[in-house]
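Novice: Taking the working numbering, the leading residue of the sequence shown gets 1, the next gets one more, and so forth.
It is worth saying that the hints were derived from the structure and are not from the lab. Fair warning: this is a prediction, and the values are worked out from it, not measured in the lab. C-beta atoms are modelled at their ideal positions from N, C-alpha and C, and glycine is treated no differently. Please note that a few of the clues may not be correct.
Here are the simulated distance ranges between beta carbons [what the hints assert, rightly or not]:
#, residue 1, residue 2, range
1, L69, P93, 43 to 49 Å
2, P93, H132, 42 to 48 Å
3, L68, V135, 17 to 23 Å
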Amino acid sequence: MDAERTNYAIDFFPRGGTHWNLLGAALTLRDINRAFEASPGGSPVGRFEFDWREDDLAKGTDRDLLDLLNLFWPADHYPTAIVEGREKRGACPRTPRILMVGDSFMRELIVVSAQTPCPPTIDYWFYMRDNHGGVTLARFVTAPGETGNGARLTADLAQLPRSFLDADAVVLEENELNIGETKQVGNLLAAARALN
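Model the full structure from these sequences, guided by the hints.
Specialist: Dropping the structure here:
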């Protein structure tokens, strides 16, 4: 994303948000997908290229910081992005399954994943801060093409090895701000070891 910054007229982090916008997420997904395409099995979701256009009304995570301010008349008109996948949805041999393990930056990756030629089912293990200053684990399963949170399931770590085994691809996010407090890397390694 840092190398792409000068190629786009808008910032990847919107003025009223704390997460990257859909353009930043689309660039990230495109690069992740190119790595999958180069592997022997190829990409489970098909080739992902996208078009985008600038918008000026903040929606979703483009306004998460703005919403926290709880203003009566929020200034929600600033540059944001709308993203559309170029490749049409094709006849996929089966629905791909993606395991995402991380925290809130995965949210926009889920949204742009719905734009891929073969939209995946996403098994999202979400590490979030709780009211006591600690980290809580939640789990959501998002249906193909869905851009919302999906169905909330019990986040039982005993089920993570099965999620790992069933996945066509795994995307791990580690936020350097929380790296000493979250356990996604250790939990994912433990799930992989449990399969041996």
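Novice: Work down the list of hints and note, for each, if the structure agrees.
Specialist: Going through the hints against the structure:
no.	hint	in the structure
1	L69 x P93: 43 to 49 Å	holds (47 Å)
2	P93 x H132: 42 to 48 Å	holds (46 Å)
3	L68 x V135: 17 to 23 Å	holds (19 Å)
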